[in-house]
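*Asks:* This is what each chain is made of:
There are 2 protein chains.
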Amino acid sequence: MEQETRRRGRPPKAPRDQSSKHMLIRVGLKHLTERGYASVGIDEILKDAGVPKGSFYHYFPSKSDFGLELIRAYDAYFRDKLETHFGNMTLSPTERLRSFIQDAEAGMAKHSFRRGCLIGNLGQEMGGLPENYRAEIIRVFQTWQDITAALFAELKVDDPEALAAFFWTGWEGAVLRAKLEHSAKPLNSFAEIFFQLLQQRGTAR
Amino acid sequence: MEQETRRRGRPPKAPRDQSSKHMLIRVGLKHLTERGYASVGIDEILKDAGVPKGSFYHYFPSKSDFGLELIRAYDAYFRDKLETHFGNMTLSPTERLRSFIQDAEAGMAKHSFRRGCLIGNLGQEMGGLPENYRAEIIRVFQTWQDITAALFAELKVDDPEALAAFFWTGWEGAVLRAKLEHSAKPLNSFAEIFFQLLQQRGTAR
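Going down the list, the protein sequences come from chains V and U.
Going by this note's numbering, 3 is the number at position 3 of the first sequence; the sequence numbering is gapless.
Going by this note's numbering, 65 is the number at position 65 of the second sequence; the sequence numbering is gapless.
Isolated chain V, as found in the complex (with noise of 0.2 Å):
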């Protein structure tokens, strides 16, 4: 129903213009956090999104493009967060960790932790994906990790690479599990444990 009424307001034939590129990719970062790649269908995303099927193919020529730029806008949005998150100078690292956390978990709570992560989403699927989103996925999860080595680094941990990618691997299990539960215990189990590691290996704080 309220789909209904959002749509009404529009014109019939949205203008191809950069607002429906922008809310078709909206659109679809909400249908695939939440049910990831495969059993989501275009169709739903353009009644979603109130945007013509020609306004699709305009801006994506096949769905595989479309789930690319949406890995793009994901990690886009994402690495800001964590630079925001870890670049706040007037935290500890430690302080900035938990409040990249608390900003997750938050994230989560907004949408009844019915989304996920996209990138852990895809990773899960990759073996039914288009086999050029692999390369993409790796890629991504590298840089976040390399900002969170940055971070680990200043704690002065012996090595902050190895902590970070050990941190990733966890919180994607985190979210995964905080997903299924529709909990933010998952969340806070990880992070409390992680915490408690981060203290015994850092030298500093």
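Since the hints were derived computationally from the structure, they do not count as laboratory data.
Everything numeric in this text was worked out from a predicted model, so none of it was measured.
Built from N, CA and C at the ideal position, the CB exists for glycine as well.
Treat the hints loosely; a few may be bogus.
Think about it this way: if two alpha-carbon atoms lie no more than 30 Å apart in a straight line, the pair counts; the simulated BS3-like pairs of lysine-lysine are [said to hold, decoys possible]:
1) U:K63 x V:K47
2) U:K185 x V:K156
3) V:K110 x V:K63
Computed Cβ-Cβ distance ranges for the label pairs, DEER-style [stated by the list, open to error]:
4) V:T90 x U:A135: 37 to 47 Å
5) V:T84 x U:H111: 15 to 25 Å
6) V:K185 x U:D43: 32 to 42 Å
Using the hints, position chain U against chain V.
*Replies:* Leaving out everything else, chain U in the frame of chain V:
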């Protein structure tokens, strides 16, 4: 070609015996651990298993029921694996965990790291799955965690349940990355830091 040869060896109408059911479950596990639920069709499972559609619907009213049976079969198989490794009293508790991890790695290597964990795959896909899968997937994770918590209790760690949840959260993330990267490295990197954590927290070995 290989499939073709295998199918030619079977009678055109497979009898409705337990071996057809067993074959469907075996082939289903292969496809779903590779590609998840949504992107796998019943038809390709029938083709690969060399079992006619009628036999499938004799055993499973729907794809959704088939998926539930796969979850149960995978859980039984995996519980047995955990109990075998963790119950091997000739090894120390830490060595028993290592023996499970090595077995899991060998299992992934055997299929060139193309197959992941069915429960992790389905957990990630849950937003697009039949809703009755949710409780089942949560239950399976809890069972594996309980078996693991009993092992950690032998190491006299502070909160074995929390540490077992942490292990499974991270391990599922590691399996996801190993499948994504077609490599054992994510499993080993995760295990290495986890063993250090275990050593710090446990007063026994």
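*Asks:* Straight-line Cα separation of U:K63 and V:K47 no greater than 30 Å?
*Replies:* Since the Cα atoms of U:K63 and V:K47 sit roughly 27 Å apart, the hinted pair holds (cutoff 30 Å).
*Asks:* Hint check: V:K110 vs V:K63, CA-CA at most 30 Å. Holds or violated?
*Replies:* Roughly 27 Å between the alpha carbons, so the hint for V:K110 and V:K63 holds.
*Asks:* Could one say that the CB atoms of V:T84 and U:H111 fall in the range 15 to 25 Å?
*Replies:* violated (41 Å)
*Asks:* Would you say the C-beta atoms of V:T90 and U:A135 sit inside 37 to 47 Å of each other?
*Replies:* At roughly 44 Å between Cβ atoms, U:A135 and V:T90 fall inside 37 to 47 Å, so the hint holds.
*Asks:* Does the Cβ distance between V:K185 and U:D43 fall inside 32 to 42 Å?
*Replies:* Roughly 39 Å apart at Cβ, these two residues keep to the hinted range, so it holds.
*Asks:* Quick one, are U:K185 and V:K156 close enough, alpha carbons at most 30 Å?
*Replies:* holds (24 Å)
Checked against the numbered hints listed earlier, the structure breaks hint 5 alone; every other hint is satisfied.
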